[in-house]
Structures are given as C-alpha cells and as structure tokens.
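A.B. asks: Letter by letter, the chains look like this.
2 protein chains.
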Amino acid sequence: MHVVFSPEREDPGNDLVARHDIPKVVGGCGPAASELAAAMYSAIFHTVVPVSTPAVAEMTKLLENIYRCVNIALVNELKPLCMRMGIDIYEVIDAAKTKPFGFHAFYPGPGLGGHCIPIDPFYLSSKAKEFDFRTRFIELAGEINTAMPYFVLDRIGSALNERSKAIKGSKVLVLGLAYKRDIDDLRESPSLTVIELQREKGAVVSYNDPYFPSVGRGRQYDLNMISAPLDDLAQFDAVVIVTDHSTYDYRAIVEQSQLVVDTRNATKGIQSPKIARC
Amino acid sequence: MHVVFSPEREDPGNDLVARHDIPKVVGGCGPAASELAAAMYSAIFHTVVPVSTPAVAEMTKLLENIYRCVNIALVNELKPLCMRMGIDIYEVIDAAKTKPFGFHAFYPGPGLGGHCIPIDPFYLSSKAKEFDFRTRFIELAGEINTAMPYFVLDRIGSALNERSKAIKGSKVLVLGLAYKRDIDDLRESPSLTVIELQREKGAVVSYNDPYFPSVGRGRQYDLNMISAPLDDLAQFDAVVIVTDHSTYDYRAIVEQSQLVVDTRNATKGIQSPKIARC
Numbered sequence: 075m076h077v078v079f080s081p082e083r084e085d086p087g088n089d090l091v092a093r094h095d096i097p098k099v100v101g102g103c104g105p106a107a108s109e110l111a112a113a114m115y116s117a118i119f120h121t122v123v124p125v126s127t128p129a130v131a132e133m134t135k136l137l138e139n140i141y142r143c144v145n146i147a148l149v150n151e152l153k154p155l156c157m158r159m160g161i162d163i164y165e166v167i168d169a170a171k172t173k174p175f176g177f178h179a180f181y182p183g184p185g186l187g188g189h190c191i192p193i194d195p196f197y198l199s200s201k202a203k204e205f206d207f208r209t210r211f212i213e214l215a216g217e218i219n220t221a222m223p224y225f226v227l228d229r230i231g232s233a234l235n236e237r238s239k240a241i242k243g244s245k246v247l248v249l250g251l252a253y254k255r256d257i258d259d260l261r262e263s264p265s266l267t268v269i270e271l272q273r274e275k276g277a278v279v280s281y282n283d284p285y286f287p288s289v290g291r292g293r294q295y296d297l298n299m300i301s302a303p304l305d306d307l308a309q310f311d312a313v314v315i316v317t318d319h320s321t322y323d324y325r326a327i328v329e330q331s332q333l334v335v336d337t338r339n340a341t342k343g344i345q346s347p348k349i350a351r352c
Numbered sequence: 075m076h077v078v079f080s081p082e083r084e085d086p087g088n089d090l091v092a093r094h095d096i097p098k099v100v101g102g103c104g105p106a107a108s109e110l111a112a113a114m115y116s117a118i119f120h121t122v123v124p125v126s127t128p129a130v131a132e133m134t135k136l137l138e139n140i141y142r143c144v145n146i147a148l149v150n151e152l153k154p155l156c157m158r159m160g161i162d163i164y165e166v167i168d169a170a171k172t173k174p175f176g177f178h179a180f181y182p183g184p185g186l187g188g189h190c191i192p193i194d195p196f197y198l199s200s201k202a203k204e205f206d207f208r209t210r211f212i213e214l215a216g217e218i219n220t221a222m223p224y225f226v227l228d229r230i231g232s233a234l235n236e237r238s239k240a241i242k243g244s245k246v247l248v249l250g251l252a253y254k255r256d257i258d259d260l261r262e263s264p265s266l267t268v269i270e271l272q273r274e275k276g277a278v279v280s281y282n283d284p285y286f287p288s289v290g291r292g293r294q295y296d297l298n299m300i301s302a303p304l305d306d307l308a309q310f311d312a313v314v315i316v317t318d319h320s321t322y323d324y325r326a327i328v329e330q331s332q333l334v335v336d337t338r339n340a341t342k343g344i345q346s347p348k349i350a351r352c
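Sequence order for the protein chains is A and B.
So the mapping is simple: the working numbering equals the position in the first sequence, first residue as 1, plus 74.
So the mapping is simple: the working numbering equals the position in the second sequence, first residue as 1, plus 74.
Next up, chain A with everything else stripped away, as it sits in the complex (with noise of 0.2 Å):
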C-alpha cells in the first residue's frame, strides 16, 4: 500500500484557469508513491509537481494561502489608516499594481471567507507550537482580519450617526451574503458576522443575495431568512454592500439609496454622497 498527499488547489468563481491546468502537488511516502500518484494525476492534470513527503505538500498548500491571509489582512490594517489620513486606498493600489514586478494587488474588505483562507493557517499556528513556535504574522493576520466585521459596524454606526439616527431601529439590508464576488458559497461568510453584529445593536436587517433566495440555519448561522427584492431600497436606513456581486446595478442601487455603506469599493466612479465608502 502507497500513501500520498496532494492538496487542493482552488480559486472559486475563477473561469480563467481550467482546473486542467492547475498543477498538482503530490508528496507521497517514499519516491514509489510519488511516482504512482504522479501517474495517475497526469491523466487530469497537465502538470504534477512532485514534492518530496506529505509534510512538504500540505505546507506548500498552507504557504499558498497564509500568503493570502496575510496580505489581505495587511490592506485591512492600512485601510482605516488611509481613512484617517484623507487617501483612497483603492486608488493607492490600482497605481501600485501597474508596477510591472514585486507587487501582487490585494483588497481590503469586509473580512475573510471561504473554507481555506480563514481557517488553514491556524492548523500551522496549532502545529507550531508543538515545536516551541509561534507564527506571529498568521495571528496578527488572523486577528485583523477576524475585526473587520466590527469595523465594518462600526462604519454603519458613524454613517447612521452622521444623518443623526442610531443602529438601534434603523433598517438595513445587507447586499450579499456569499464570501465572494459570483459564488453560492457561505461558509465562513463575513456577512453572516455583520448581520449577528447589528442585530446585537439593536437593527432590523434584511439581506439580498441572488444566490441565496433564502437561508435558513447553519453551523455558524440562524438566519432563516428571505432574499428581500431590490425594488423598494428607499425604506432601508442603510444598504450595506459586503458581497460585490457583478449583477448587481451599483449606480441604481446608489440613486434609490438613502446611504450605502460600501464595504468592497463597488460604487467606484459613483460620485454621491449617500456612499459612505470603507
């Protein structure tokens, strides 16, 4: 019997790279192994990368994405600093990615979600400390990214405050509740944690999401709710945009708004000031 281990390779809702062309990392228990499970992915994948033991495969995995955790949580610390000081962080990295090497563009946002992203490193910083280790860019990391739900409130408090009405009994609809842009994914959804946060203040929220007609209980989450239409937007307080799906009409949205908080930079180019931007 030969044991291997090959780890998944994902990006959902990216039509770019057939899963064809993705390579596949293999590290198997002695080089047998290796070349087993090497020939039998090569009749699915167009290129097997093989790695020399199980260990060195799944910390390949981790690696790939403790480097998108972090870098997403490095855009979410600078954001409120940008705030402060009167910058446009979106406009900050739409001119740094037009460097031609060294940069890799990431946004900052609501906070994490998926399977992967929020959850992998965390098996490393459990595993590490067996070794007398601490993986302090992962717990920051993790520690920034778990606050932007709260920061994420906190920008709703101040929109609301600035037209002289508090969370408590305002009405808000939450604008997607998939972790990502064009999926029907929900796990580990940040939207799930703005609404439980504003619902503790005290807010009546509505949520629409064309991928969830409607969503009822789960194991992070007890929502049972409807996916409210978009035609009467005027009623909410606030409309707060955490998913950025692409169907989504950001400039109509804007126009039947009393506020939109925007937690994505989806209404960019829209000139208004209904959008409070974070």
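Some clues are possibly wrong.
Because identical chains share one entry, a pair is satisfied inside a single copy or across any pair of copies.
What the hints assert, rightly or not - Below 30 Å or equal to it, Euclidean Cα-Cα: the simulated DSS-like pairs (lysine-lysine) are: (1) 171 to 245; (2) 242 to 348; (3) 203 to 242; (4) 171 to 201; (5) 239 to 171; (6) 171 to 275.
Treat the hints as calculated values from the structure; they're not laboratory data.
Position chain B relative to chain A; hints supplied.
C.D. replies: Relative to chain A, chain B alone:
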C-alpha cells in the same frame, strides 16, 4: 508654480524591464500640476499613471515597499519553523510558485538590504502615530527582518559547535557584501551586521565580494578590509554565503571549504555534509 510628487520605482539588478517601461506614478497639487508632470514624464516613460494627490503617490510607493518588506518577513518567520519541522522551505516555495494564480514567491534570507525596503515602511509607521494608529504588520516585519542576521549568527554557531568549535577564534569568510545578488550596493546590507556580530563573538572575519575589492568606512560600518581571494578556502572554519552572486562557483566552494553556511539556498541541488542551510 506647480508642485508634483513622483516616487522612485526601481529593481536594482533587474535587466528584464527597461526603465522607460516602468509606469511612472505622478501626483500633483492640483490637476494642472499633474497634467504638466504627466506631459513631461511622457517624453521618457511609456506609461504615466496620474493619481489625485502627492500623498496618494507617496502611499503608492510605500505600499509597494511595505508589501515586499512584509512578505520577506513572512517567509523569514516561517523558515525557522520549517527547519524545526524538518521541511525545506525552499522546496515548499518552489512548489507553491507553480500555482498559476494568487501566489507570489518571496525567499527567506539573511535580512533586508537596500535603500528602500528596510527603511521606507517606517516612514509610514512614524506618520501613523500622528493619527493615533499603529502599523502592526510593518512593526512585526521590521522586528523579524532585523533579527535575521542574529539568526544567521546562531546558525554559524550551531554549525561550528557540531564540529566542536566555538565562534571565538574561528576563521570565517563571508561571501558577498552587497545587499542583493549581482549588484554593487552596500546600503543597509545584512552582511555588515553578520560581520559585526561575528566579530563581537570573537570570530576572525574575512570577506569576499567581486563587486567590492575593498571596503572602508561608511555610515553603518568601519571595516577597512580587502576582499580575500578564494584560492585557499580550506583555511576557514566556516564560509558563510550572505549574498548569492551568480559569479560564484558554489560547487567548487563547497568542495574546497570545511563548512558552508548557506543563507540564500545558493547551494541548492548540492548534496554535502559540509553544508549547513539556513
């Protein structure tokens, strides 16, 4: 009079991108200033990227450098963990960089060097304090990257110790003074700290660098040394690769040395009990 700011965008030693192909970010005090600057720079650069203010232009440069500083620190943090776990982090990075999206490879090393990455991020840390804001990623990155020469010293001490030698009195050759491969720039180079730390411990330190036949006194160093020839490597208790210049014949260096401490994975693919990788 008009005022604009346009940050430097450099990659010393990178001959793949011509200077005029690096898009030029310009931020003017007012649209007229930006337009004038864009017109002027268009005579030199193929692409000019106008941003709304000088502050955005400066933050663009800072983000580019912070991104590098943080990502280098991230792999520098993971390197000792991988070593304890018996995993070759370079194998992990090489496997991870086969991912066709969402990953950008950075490599661990003996510490940061150059006139930008080790310095610029702290301009923002300092400025952030005026806004009651702490840039924790930059601080953590600084702490980890600054500690790397101490980590190298520790590895030299361990490797000598395995051979029942102390650092004190050992003859050590530092290979490479420049902060980066194939360039003649000494600014903020970690090799300077590596040399200093070894001397403090009582090592007799020499160096070799084809780009620096001799080195005198600078703001950060007072060496007054001459580049040692490579014709008698066996005389050194340890040869420490700090800068992986491509002119070095690493196989010959390993063959002729008693012990090689490799901080750059320059001896990749060479199997020898003389090599201590770090």
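A.B. asks: Each hint: holds or not?
C.D. replies: Now the hints, each set against the structure:
Taking the shortest Cα distances, residue 171 and residue 245 never come within 30 Å of each other, neither inside one copy (38 Å) nor across copies (46 Å). In this homomeric assembly, residue 242 and residue 348 come within 30 Å of each other (Cα to Cα) only inside a single copy, at 20 Å, whereas the closest approach across copies is 69 Å. For a Cα distance limit of 30 Å, the shortest separation of residue 203 from residue 242 qualifies neither inside one copy, at 43 Å, nor across copies, at 33 Å. For the identical chains of this complex, residue 171 and residue 201 are inter-copy neighbours only, at 23 Å across copies versus 35 Å inside a copy, given an alpha-carbon limit of 30 Å.
Neither within a single protomer nor between protomers do residue 239 and residue 171 lie at most 30 Å apart by alpha-carbon distance, with minima of 39 Å and 50 Å respectively. In this homomeric assembly, residue 171 and residue 275 never come within 30 Å of each other (Cα to Cα): the closest approach is 38 Å inside a single copy and 44 Å across copies.
In summary, the structure is inconsistent with hints 1, 3, 5, 6 from the numbered list given earlier, while agreeing with the others.
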